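Participant: Add chains B and C to chain A, keeping to what the hints say.
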Amino acid sequence: MASSNTFMERLGFRKASGVSEAGWGQTLFAGLISLIYFLPVLLIIITSFKLQTEALSIPPKFFPTTFFGLIPENLTFTPTLENYTSVFSRAMTSGGAVESTGFDRYFFNSIMIASVSVFLALFIGTLAAFGFSRYPLKGNDTYLFIILTTRMLPAIVVIIPIILMFRVTGLSGSYIGIIMLYTAFNLPFTIWMMKSFFDELSLDVEDAARIDGSSDFKVFFKICLPQVIAGLAATFVFGLILTWNEFLFALLLTGIDTRTVPVAMSQAVAGGGIGVLWGLLAAIETLFLIPVFLVTFFLQDHLLRGVTFGTVKR
Amino acid sequence: MTSTLSVPTNPSWFTPTADNWKLAIFSGLVVATLSIIAFPASLSFWIVGAMVAMVAAAFVINAYRKHYYGGLLVSPAIAVLFVMNIFPLLWSLGLSFFAYQSNQQTIRFVGLANYVKVLTNDLKAPENWANLTNTAMFVVFTVTAQMIIGFLLALLFAKQFPLRKYLLILVLTPMMLSVVAAGVFYSYYYDPTFGLLSYFIRLFTGQQFILMDNKAGAVAGIVFTDAWMWSPFVMLLVLAGLVSVPKYLYEAAAIDRVSGWRRFTSITFPYIRSLLMLALLFRTIEAFKMADLIILLTKGGNDTMTISYHLIRIANEQNKTSEGAAISYVMLFIVIVLTNLYLYIANRRTETA
Amino acid sequence: MSTIEIQKVTKRFGDFVAVRDADLLVNAGEVLCLLGPSGCGKTTTLRMIAGLERITSGNVIIGGQNMNELSPEKRDIAMVFQFYALYPALSVGENIAMPLHFEKLGAAEVQARVNKVADILHLRDVLDRLPGQVSEGEKQRVAVARAIVRDPNCFLFDEPLSRLDVELRHSMRGQIKQVLANLSKATVIVTHDQLEALTMADRIAIMRDGLIEQVGTPHDVFAKPANVFVGSFIGTPQMNLVEAELKSFASGKADLEFGDEKLTLATNAAVGKLGVGKVTVGIRPRAFAAVAKATKETITAQAELIEPMGAETLIHARTRGGNDIRVVVPRDKRVKIGETLHLQPDPAQTHVFASDGKAVRA
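Residue numbers (our numbering), protein chains in the order written: chain A, 1 to 314; chain B, 1 to 353; chain C, 1 to 362.
For reference, chain A alone in the conformation it holds in the complex (with noise of 0.2 Å):
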């Protein structure tokens, strides 16, 4: 009985059945929404294929063409690539000074601790977790409670020591230094989500593994970590998207060689206002978003796996 659809229903709008199931006419919804939601970054990508006079403009140019005359010529502005080419190509000014190095070099900095420290925090917190889980010590809860109790701190907290220490013993500016900091930071969110990963897996695949001759060693890797995929997968998005794009203690800690993007940038706008270069920092962002974007884009599914059994227990 066709007749009996409502306008919406035709729509794709359908509740009769099938309770989580919606149709194109969510997709409609949700769309407009989330291209709103995305439209400050939308914008941040249209700047960067923008110059300088047209990123300043007014009225503000929205589109790459006309449209075929639908959209008024002072709307429109003409892309280039120029910012992208010289993000990498030109030194950049920071408060009148000419640095000697290039945003090539900070884009590596950033891969590189970001993805050390991330990794080393995964491996060292999964140990740990696993520990937890395992092997119950004398005063488990007491370790456990300090390491979500560091997790709870604002990390503002401790930078006056860690600013003092690294001054001291010569760590400021270092990748070691910023890398462990990171690591340290990383580290309790990890060890709290893989161990009640762990915590909800069977154990008598363990024992049966165990009973087989496996080592302890191999029944960590062989049985439980490709049980816990989605976890640290999950892990590894928070912890990336978090250490990423870290400012303040990438402002405090590191050097001239060792300088983040997200420094960087924030030294390049020092000028504020018309002196700021819109469409290369608008460059470097959207060249600076686009791993994240990947990582978290291909490890979506394991994202919102991850945070349900981590957190939600019954």
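Among the hints, erroneous ones may be present.
[Unchecked claim] Some, not all, of what chain B presents toward chain C, calculated at C-beta under 10 Å: (1) A136; (2) M137; (3) A252; (4) I255; (5) V258; (6) S259; (7) R262; (8) P270.
If you are wondering where the hints come from, they were derived from the structure by calculation, not from laboratory data.
Since the structure is predicted, the reported quantities are computational estimates derived from the model, not experimental observations.
Cβ coordinates follow ideal geometry from the N, Cα and C atoms, glycine included.
Facilitator: Positioned in the frame of chain A, the structure of chains B and C alone reads:
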């Protein structure tokens, strides 16, 4: 479980084996003390570090030989956390009882004077309290906005529909942006002369619009930016809760003719309650340390200074180390009280439910 | 009038046809079991009746009203889910009361009705507990209580007993049957357990691969299976199915040949119309008489495996032609492995299926 709780047996004091942790501690202490006395800080730090590493190695070998795997697995994490979190925390606790400025050599024990100064001094205290109030205001506004927006976004994506995956990643993107880019580009959008906001308002009023020229506008601008960036985080947590509700419960509700509101309160909400609490906790802690966006958007102007930004300023730019340490401990105290309050409420809720 | 009728109902998931042209009629007060192996479409059929699954084509009529386009809320039905689907955050009492809120009853009325069903199902003591705090059997009873607390058009049960252990299952079968008998509503029960179906149902619909193979009373589906599948699916131990060659038919007796074995079997006249060709002979394991001497009406086989089942003994025997035959004999009949048996099938419990699998009956 193959490994059992094994108390390390006591090795005799002076047998020089690799797992003799008593000897390691003893010799480590001696060498460390001597080096602190004899060498400058920059060198003695590394010597102390080496001694700590030696003791740790002795423990690790001892644990390995005794199949004490639990401790072995946990120790690297504990070590990193100790060096980078707990040790600095203790250090700054110590510093807060001294008068010390990092650009000067003198150091003097002053007891609680720093705390008295930052909390009650006629000159300092009002500023600190104002910054603390500002921080509280930002926490309330940003967290509320994030919870509401994040929740609504999660509801939007709770159902399965075509292209959902691709739209979801669009909404998640702001979270992946670096805070610098978000701050800088929002200042671009808010700019009175060439910013978008001003442009659109001018279309209606014909006048330039300066968002950031008063406190309300500046706060609104900051809160909007922060909420935009971090609502996706809340969304992700809530969404995880929503998709974890078994489908058959909704089917049963349909059969039982349960109304929409009752279905939400008695089926859906119990599944997302703990995740909502978690989101609230995380975002509150993060909002508490809000400094970067303010540095980028207002530089603390128009009375938008927060306690975190203030702390960075006096500790790093003005080198008032001890005073900063005292402030950070006041902050820590507040955060611990807050989180315990949260946990208390969360636990009580789950118990009564 | 509480009846359920489905007409030519088909469900497709993409290219896969889960249910094809299903026709069923359940009368008021009748209990119909949908029985079949897993994946046969029985649960899909039930969910289409409930409105949880849209039908691709056909009609679903409940209480004389076409329900095709109505959501589950509007169908006025009660259902017990396989995993019970108890609301985990609500107490047992609140769970049972859930379907009553729609009717906007007063709190006292709701309480009275909850108490009433709680008494019927012995749940009075656990009303304040959460579903997580009660036993599996109690959960199951809560699910049933939630279904019968109001007065719906019909009842649907999806594998209601599959999660209970053997003993509980036995007692719950009786309880549910008793409860249903007092309600006189059209009821559909989905199950894969034939014992459950045979004991609880007024009629059984046997499904395979999306098709309803046979609908009949428990007695009919056992005694007169419509085809090879139903014959083999109903009854334990499984019916013996022997591929045979029909050589000739004269005066009510068919001459059959399989392997090196010849068998003369009294059958109905319809078999005679088949003519010479391949047939399948189905003989229940309990339909054999072990006789002393080989005759034209016996099968000769050697005992290979002996399984005592308590009151009876199950013997796996092999004919010279290599056919495996299952025979059930009384406990006191001693058989040794390797012993040669002469088995005479009871013609009344023997079925001949034509080459298309359909039973040949007069």
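Participant: Which hints, by number, does the structure contradict?
Facilitator: Hints 1 and 2 contradicted; others consistent.
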